[in-house]
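Residue strings, one per chain:
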Amino acid sequence: MSSKARPFRLPSPLLSLYGLLVVGLPLAGLGYALLGSVGLVGPLATGFTGRYWQALGADTGLLYAALYSGWVALASVGIATGLALLLVLRAQPTLRRWPLPGLLYVPLLMPALVVGFYLFQLLSRAGWLSRISFQLGLIPRLESFPELVQDGAGLGIILGHVLLTFPLLTLLFLAIYQETRLDEYRQLTLTLGASLKQFRQRVAVPVLLRRAAPTLLLSFIATLGAYDIPLLLGRPYPQMLSVYIANRLQRFDLRELPAAYLAGFLVAAALLGLIVLLLRLTRRHAL
Amino acid sequence: MSELLTVANLSKQFGEQSVLRDVSFSLEQGEVLAVLGRSGCGKTTLLKILAGLEMPTAGTLLLHGQDLRPVPPNERQMVYLYQEPLLFPHLTVFENVAFGLRIRNVAKAEINQQVQELLAELDLWEHAQKAPHQLSGGQRQRVSFGRALIIRPRLLLLDEPFGNLDAQTRADMQQLFLRVSRQHQITSLFVTHDSREALTVGTRFAYLDQGQLTSFASVGEFVQDARTAIRSELAFWENIQQKLE
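Chains as they are written, first to last, in this note's numbering: chain X, 1 to 287; chain Z, 1001 to 1245.
Heads up, some of the hints might be wrong.
[What the hints assert, rightly or not] Partner residues aside, some chain X positions facing chain Z, computed with beta carbon under 7 Å:
id : residue
1  : Gly61
2  : Leu63
3  : Ala66
4  : Leu67
5  : Gln187
6  : Gly193
7  : Ser195
8  : Gln198
9  : Val203
10 : Val207
11 : Arg210
Just so you know, these hints were derived from the structure itself, not from any lab.
Where is the CB? At the ideal position from N, CA and C, for every residue including glycine.
Here chain X stands alone, though its shape is the one from the complex:
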């Protein structure tokens, strides 16, 4: 009998099931949405038609929702990244002092819906901050409180996502800072004549951002497709993509369904494109 150890292989039925769950079902959903958008499936399917695709040019709702979602995702991830970098590069000793390390984990355990609800209670015109400001005489009426949730610019949504994302990014940057020995790089660059500002700008930030690039893109994708927070803290118009598509799918008029399928298909295809980019980045940065 051969004594050579065989490499462990995942049993093929399990592998197939896993493949079906992570690739097969989403692709099936995407295919169904595509067929729905050309009138081939769905409750009122009448056979192949290209009119929903042709109508896309006249329907600005999806475009606005996409632009709005892009803005919210970019602002949220941008602010969260800036905040995390600031903490790691300017306040690292404080960050390592009790109870901050533990506190950073708290938002990671909170469901997005809870954060959305908490922010609504805190920041709406009928919320705690508004009432406290009114009681202190800082504002003449509750309605004078600035519009921080359900506002046009999506400030509430952005704040919600920043609260959820920046602790994760801070912990990630801290781990990368240690793993890549940035403290030794700091000492080296100082002896080469660099100031601390030059070290941060020319060495630390590029190293941290390059290593964290896959996670940053993942956060961007997650925010782009977020549903709970935009539903609670967003306005009926403009809406973020998930809320926009869900609304169209849930309308009573079944004739709207193909257009909703089309919107869902386009958004899912774009997100899949981003995920392909993410996989490439992950391979390049081996994170």
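Given chain X's structure and the hints, the job is docking chain Z onto it.
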């Protein structure tokens, strides 16, 4: 030769632990002081104090007669080289070497010329556009050396810089260090735990043990001191040779 660095009665304590005790030595322009010592003898602390990365508990540090202690590390022009090359992973070989000039806002044409010349001298020109991870260990150490040399340091502080290299590459790097040191008249403090390396690169010699530095007036004294273990090593090889004869 003029006296460049004077260190007198330098001490360093971390809490109750005394890491350096009354360390005194001086260095003249172009000299290479090879400091031999085992792990934990205080070598790294000594280098970091000279670089300005640690503050001494007591003692005097003079550079050309001026007190060095209030001078921050980025104004000392004393480069501290680690055992690891620590190349910037996001920059090419060219940009790694150019780093010290870029932060000083040197003109682009001047940077190109200086970096090209240095890369050619270090036999790295063909690797100029490569990323650090595409280089061998010896090549990375040469880039690190070039990155330090380009700013014309007043003092080079080397903390076992070739310790992670294989024997052949290490010997090549020692020769390169010797050649470039002589050519550029670089003053260095070269810390190593390898007596052979100390004898190869040093023009002056010292032994650091439990925070106390012994300077030797000649190579002979350095070799004769039992703590350096050079004589016992010589005896070992002589014994081998006798057996072969």
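Evaluation of the provided hints:
1. Residue-level restraint check for Gly61(X) is violated (minimum Cβ-Cβ distance to chain Z is 42 Å; threshold 7 Å).
2. At about 36 Å, the closest approach between the beta carbon of Leu63(X) and any beta carbon in chain Z exceeds 7 Å, and the interface hint on this residue is violated.
3. Using the Cβ-Cβ criterion of 7 Å, the hint placing Ala66(X) at the interface with chain Z is not satisfied: the shortest such distance is roughly 32 Å.
4. The beta carbon of Leu67(X) comes no nearer than 32 Å to any beta carbon in chain Z, farther than 7 Å, and the hint placing it at the interface is violated.
5. Proximity of Gln187(X) to chain Z holds as hinted, the smallest CB-CB distance being about 5 Å (cut-off 7 Å).
6. Look at Gly193(X): its Cβ gets to within about 5 Å of chain Z, closer than 7 Å, so that hint holds up.
7. For Ser195(X), the suggested interface contact is upheld, since its CB lies about 6 Å from the closest CB of chain Z, less than 7 Å.
8. Contact between Gln198(X) and chain Z, as hinted, is supported at the beta carbon level, the nearest pair being about 5 Å apart and thus within 7 Å.
9. Checking Val203(X) against chain Z: minimum C-beta separation of about 6 Å stays under 7 Å; hint holds.
10. Because the smallest distance between the Cβ of Val207(X) and any Cβ of chain Z comes to about 6 Å, under 7 Å, the interface hint for this residue holds.
11. Here the hint on Arg210(X) is kept, as its CB sits about 6 Å from the closest CB of chain Z, short of 7 Å.
Consistency with the previously given hints fails for numbers 1, 2, 3, 4, ordered from lowest to highest.
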